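Protein chains: 4
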Amino acid sequence: MSSEIGKTIKVSIFGESHSNAIGAVIEGIPAGQEIDLKKIEDFLERRAPGRNDISTSRKEPDKPVVLSGIYEGLTTGTPISVIIENKDTRSKDYEKIRRYPRPSHADQSAYAKYGDAHDIRGGGHFSGRLTAPLCIAGAICLQILEKKGIRVDAHISSIGNIDDDSFDPLDPSADMLKNREFPVINEEKGQEMKTEILNTKGRGDSVGGIVECCITGLPAGVGDPMFDGIENSISQAVFGIPAVKGIEFGSGFEGSRMYGSQNNDEFYYEGDVVKTKTNNSGGILGGISSGMPVLFKVGFKPTPSIAIQQDTVDLIEKKNTKVKIEGRHDPCIVPRAVPCVEAAAAIVILDKIYDGQRG
Amino acid sequence: MSSEIGKTIKVSIFGESHSNAIGAVIEGIPAGQEIDLKKIEDFLERRAPGRNDISTSRKEPDKPVVLSGIYEGLTTGTPISVIIENKDTRSKDYEKIRRYPRPSHADQSAYAKYGDAHDIRGGGHFSGRLTAPLCIAGAICLQILEKKGIRVDAHISSIGNIDDDSFDPLDPSADMLKNREFPVINEEKGQEMKTEILNTKGRGDSVGGIVECCITGLPAGVGDPMFDGIENSISQAVFGIPAVKGIEFGSGFEGSRMYGSQNNDEFYYEGDVVKTKTNNSGGILGGISSGMPVLFKVGFKPTPSIAIQQDTVDLIEKKNTKVKIEGRHDPCIVPRAVPCVEAAAAIVILDKIYDGQRG
Amino acid sequence: MSSEIGKTIKVSIFGESHSNAIGAVIEGIPAGQEIDLKKIEDFLERRAPGRNDISTSRKEPDKPVVLSGIYEGLTTGTPISVIIENKDTRSKDYEKIRRYPRPSHADQSAYAKYGDAHDIRGGGHFSGRLTAPLCIAGAICLQILEKKGIRVDAHISSIGNIDDDSFDPLDPSADMLKNREFPVINEEKGQEMKTEILNTKGRGDSVGGIVECCITGLPAGVGDPMFDGIENSISQAVFGIPAVKGIEFGSGFEGSRMYGSQNNDEFYYEGDVVKTKTNNSGGILGGISSGMPVLFKVGFKPTPSIAIQQDTVDLIEKKNTKVKIEGRHDPCIVPRAVPCVEAAAAIVILDKIYDGQRG
Amino acid sequence: MSSEIGKTIKVSIFGESHSNAIGAVIEGIPAGQEIDLKKIEDFLERRAPGRNDISTSRKEPDKPVVLSGIYEGLTTGTPISVIIENKDTRSKDYEKIRRYPRPSHADQSAYAKYGDAHDIRGGGHFSGRLTAPLCIAGAICLQILEKKGIRVDAHISSIGNIDDDSFDPLDPSADMLKNREFPVINEEKGQEMKTEILNTKGRGDSVGGIVECCITGLPAGVGDPMFDGIENSISQAVFGIPAVKGIEFGSGFEGSRMYGSQNNDEFYYEGDVVKTKTNNSGGILGGISSGMPVLFKVGFKPTPSIAIQQDTVDLIEKKNTKVKIEGRHDPCIVPRAVPCVEAAAAIVILDKIYDGQRG
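Protein chains in written order, with my numbering: chain A, 23 to 381; chain B, 23 to 381; chain C, 23 to 381; chain D, 23 to 381.
What the hints contain is simulated information worked out from the structure, not anything from laboratory work. Remember, it's a predicted structure, so these values are computed and weren't measured experimentally. Hints may contain errors.
Intra- or inter-copy, both count: the list cannot distinguish identical chains.
Stated by the list, open to error - Listed next, the in silico DSS-like pairs over lysine-lysine satisfying Cα-Cα at most 25 Å (straight line):
hint : residue 1 : residue 2
1    : 60        : 169
2    : 109       : 85
3    : 297       : 346
4    : 170       : 60
5    : 118       : 341
Build the full structure now, drawing on both the sequences and the hints.
Next up, the structure:
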C-alpha cells in the first residue's frame, strides 16, 4: 500500500499534483556523504517541462528544499527529506475529470479504489509530477554511486517507430548524452524523433517510446537470487514511473526468440577480470551483477492525454459520453522520462550495494 | 537480501537444489481457508519434469509435505510451511561447475557474491527447482482466489519464432488450457513448437520462449500507485523465476510504438459496469486494476544448459578454457514455466486484495 | 535503519531539531476518513512546552502544515505528509555539545555512529522535538479509532516517588483526564508532583516518572502471536520516545513475583461477552487482545539535561573534563510525554486492526 | 501479521505444537560463516524440558535438522532453514481446550481471532515449543557474534520473591553461568529458588520470575534512533517469548524514580576509550550502543497452566464453568526461558551490526 521502495535504503514519496507540496523521505544513507544541491537541481532540470517546443510549456520551477538530513553539504545519517512546493496550481474544474474519466489515465481505477475522496486535481498522486521527488532521491544516490565509480546513463531508444542507435552492450559510452538537451546517441535520429513529436502534437495526438539505460562500473556480485535480484528491483522501481508498460534486460524479448547457442554469453579473461564475449544477459545472472554493464530497456505508452475527442463515460449519470482533454500536455513523455529511469535504477543499485556490505 | 515476497501475505522460499529439502513459508493467510492438498499436487505436476519427451527425463517426485499452518483441510491462520524433500541428489563432481562457470548460468555471479561457500550443487538456491515451492505457495493462493471468482491462466505464447494465438484481451478464454499437457491455445502451433523443441534438443541446443498470462474476475480498484502497483509487484515476483528477462503489460513494447489515439482504451458502459473498448492497458491503470482482464507477457531466455561446447574460464588457474555441459536438461524451460508464472501472479494478486481490505 | 514504524500503515518520521522542518509521512490510511486539523493541533498542544511553570519556557508554535494526503477534510488514500517548520533555531555554539558529550544524552553514541556529520544542533534527530510528528500521526490514528469506539488514554502514574492512583484495570475511566492540563487521576497527588518538579528544578536537577496508558473499546482478536503481538509493537513504538527505559503490560514485573493462582485472569460471561475477573494480562493474551482493556506502563528516566556540573570527556583533546548544561530544559519530561505514549499506542492499534481485516 | 523479525537478517518462525514440524528460516546471513551444529544442539539443550525435577518431565528430543543454507559447516549465503520434527504428539482431547479456554492462556484471544480453524492442539503456534526455533536462530547468530568478540549472557534474576545477585553493570562476568544447569550467579539463592519452585509445584501452582541479560563486547555506535533502536528491537523480539510481560533497560523503572543527578552516567576516558562511571543507561543512549555493556531485565508471568481448579467459560454453551488443567507442565518457565532471551537478543544485535555496515 505504500509509495515506498528499497530495503537498506528506503525512499518514500508523497504528494499530489495540487497539494501543498510533493517530496521524498530517504532513509538509510550513511552519514558524511557529500551531497551537492546544485547537482540535484541540475538533474531535476533534465526532467523539467518547458525546456523546448516538444514538451508542455507549463512552467514548474521545481526548486527542491531540503527539510532535514543534509547539513553543511553532508548527509547527517538520519532521514533526508526534500520537498518541492506546488505553486502552479490554478483552480480549474477538476470535477469534470472525476465525472468523465480520461481514457488510459488512472481516473477510473483510482475512483474504484478511493471513491470521491481521491484528490483528482491534476491526477493527484498519480501525476507524472511525482517523478520529481523520485529524481531528487535518484540524484542523491547517483552522487554516492559516482564516488564508487558507478554511472547510470539512459537515452531515448525510440520514439514511435524511429530508433536511436543502441548502447554498445560490451562497452557503452554515454559521455555524449549528458550535454544533450534531447538525449540520443545518434543526433540525426534525434532530429527525426523531434519532427515526429511535433507532427504528432500538431494532430492533437501523442506518441510512445522506449528508454535504454546502462549501469557501468558495477562490480560482479551485487544483487540477490529470487525476489531481490537486480531485475526484480529495477522493475519494481521503474514501473513506478507513470506510463511504463514493459521492461527487458539484455537481449530481453528478442532473446526469447533465440537459441541458447546464440544467446549464451561465453566467458573469457581480460587480464584477471572475467568478462563475457556478448552481453545478452544485460550484466545480470541469477539476479546478481556479473561485472558486465547492466542494460535494460523500458517501454512507455503514448501519453494518454490527447486533444482528440474520445469516448468515455459519465460516472454520475452512468451513461456513455465523449471527452476532449484540454490544456497543455506533453505529446511525448519519453524525453523527460530519461532521468526518471536513471533515478529509479540508481536508488535500486545503491540499495543493493549497501545490502551486500555485511560480514 | 531475502527470498521473500509480499506485504500482507509473505512468501519466503528456501532450499537448494541438493540440500535436504526445499520449501516455502506462507504468512498472512487468514484462518479457515479451505486448502485441498490434492490440488496443490496437481498444480505442481504441471511444472514437473519428465512429463513428456520435450522435458528433462529426470524424475522428481516432488511430494509436498505440509509442516504447519494447515490442519484438517483448513488454514489455521498461523504460518503455513510446506517442504519437498530433495531425493534425487546423486553425488557428482559439482566442483567442476564451481571452477568452470557455465555461460549464462549464475555460477560466476554467485561465486562473486558468495565465494567458495556457495552451494554450487545443481545450481544451489538458483536452481529452477526452487520454482516448486513458488508453485506450492501459488497453488494455495489460487484456491483462495478461485473462491473469490478470480482466475489466473497462462499459456505458451511462443517458442522460438513460433507463435501461439493470443488471449482475447477483452474476454480471454482459458478453459481449454488446463487439460492440455502442452498449454497452447492453438494446438497446431503447439505441434510446431514441440517439433522445434525436439529439433533443438537434437542439436544439443536450447530455445527460448514467451508466456502470456491473464487474470480474470479481478474487480476494479485493486492495487496501488507508485511502487506497489500490480505491474511493479507482478514484475518483482516474475523475475524470481529463473531465465525471465522481460515483462510487458497490455500492448507493452508494441504500444510504445503507437500513437495515443491508437493505444488509449476508451470507456463505455456495459450495463452498469465500466469497460474499455480495447485493452491495451492490460487491465491496469496507475498500478490499479481497471476491472478489465489483466494481461501480461513474460520473456524467457533459452535454457543456458546446452550440450554444445562453449568458451569459459578456469577460475582456479585463471585462464580461458572450454566447457561442455553434460547430463539431462530441458531444451526449453517455457512449458514448465507456465504454472510458475501463474503462481507468481496469484501470490501478488491475493496480497493486493488483502491489502485493500481496510476501513 | 529507519525512523519508520508499522506494517499496514507506516509512519515515517523525519527532521532534526534545527533542520528546516520536522514531519511525518503516514501511509496506508484508507481514503475518505474525516480528519479534523483542529483536533490534531489540540493534541499537539498537549505535548507543547511552555504551558506552565514546570516545563521549559521555550516557545514552539508547532503549527502542523499538511503537505499532502488530506483534502477538504478527508484522507485521499495516498500518503499523508505533515510538517512543522523549525522556527526557534537561534544560533548557538553547538560544537561544544559535539566536543563535550552530555551525560546520558545520545551525543556520544551518535558520534560513534555518525561521526562529525551528525547534526548535533539541539540533539538533531534524537531531540524530543521529534515526538511532535509522532503526535501528529497519532492524532490522525486516534480520530479514526474514535469512530470505531476505541479510546487511548494515558496519565502520569508517578513522578519520582509520588504515585497517582491507577486506572481500574477492569473498567478504566479516563474522562477526567483530557481536560486536565496536568493529567493525573488524583489531583492532590498531582499537586504534590508539581511541587516535586519545581523543587527539583530549583536544584538544577531533573526527575523521572511513569506513564500509565489504557486502550478501551478494542474488541477481542486484534494482534498476532510471536513478533507482531500488541506488546511487541507497542514496545517498539514506545521506545521511540526519548527517555523511555522500561515498559510493562498488566501486572508486569509485579506479576513476575506472583503465583499463577494469583496472577491468572479467570473467565466469566457478562451477558454473552467473555470477560475476566481480574486483568493482570493487561488485555493481551498471546499478543492478541482479549477484549479487556489494554493496560501498560512506560518508565521514563529523568531528563538528562541538568544544570548541575557533571564529569564528561573532551572528544577532541581526548581527556576528562567537566560540563555544565545551560539553557532552558524540562526538569521532568513526563507530563509532556503523556500524549506521546497515547500517539504511539494509537498508531500500533490502528495498524493491527487494519492488518486483521482480510478475508 | 507475520512471525518474522529483523531487517538485514530476517528470522521467520513457523510451526504449531502438534504440527508435523516447527522450524525457522533465517535470511541475510552472509556466506562462509562457520556454523557448528553441535553448538546449536547444546544451546537448544539449555531450553529443553526434563533436565531436572523442576521442569516438565515431557521428553522432547528436539533434534534440529538443517534443510538448507548450511553446507559442509559453512553458511551458503542463501536462506538457512532448520526444522525440528514434532514427535511427542499423542492424541488427546484438545477440543476441551477450545471449548473451555484456560485462564491467561491464549486460547480465548486466539479463538476470537482465528475461530474454529485455530490449531488448538498443545497451544498451536502459541506454544512455548516455538521458542525452540527461536533458539536455533539465536544459536546461529551467537556463533557469528562470538567471532566478533560479542557475548550474550543471561541468568535467572528472580523467581517469585527470591532474587539472584545482579550482573555488575560496569563489568558483568558471566563465565560461571554457562556450565550451570540452573543459571544463577549466586548458587545459594539458586538453591532457594529451586525449593520455591518445587513447593509451588507441590501445591499445583506456578510462579513467575525475571531474567537479566547482558551483551558485552558490543562497540559504541550500533543501533538507531527512533523505532529501530536497540531497545525497540530487543523489546519487539523478547515479547515474542510466551509469558513475557515487561522489559526494562539499565536502571529501568527504578531509574524512573530517580533524579537526573543520580541516574545520569558521567563520562570518562579509560585509555582512549570513552566509558561511563555508572551504567544506568544499560549501554544504550538514543537507541545506539554506548560501548558499555547492554543490560536489560525481562519479566515473566507465572506459567498459566496450574493444576488448581479455575473459573472459565464454556464457549459452546455460553455459560460459566470450571476448568482443571491436567498433564505435565513447568511450574516455572523462567529457567528454560534464559537461553530464549539470549537468542532473541543475539538475533537483534547481529541484525543491527549488519545494518550499520554500509559506506
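Comparing the hints with the structure gives:
| no. | hint | verdict |
| --- | --- | --- |
| 1 | 60 x 169 | within (17 Å within a copy, 45 Å between copies) |
| 2 | 109 x 85 | both (10 Å within a copy, 21 Å between copies) |
| 3 | 297 x 346 | between (54 Å within a copy, 19 Å between copies) |
| 4 | 170 x 60 | within (20 Å within a copy, 42 Å between copies) |
| 5 | 118 x 341 | within (14 Å within a copy, 59 Å between copies) |
In this structure, none of the earlier numbered hints is contradicted; all agree with it.
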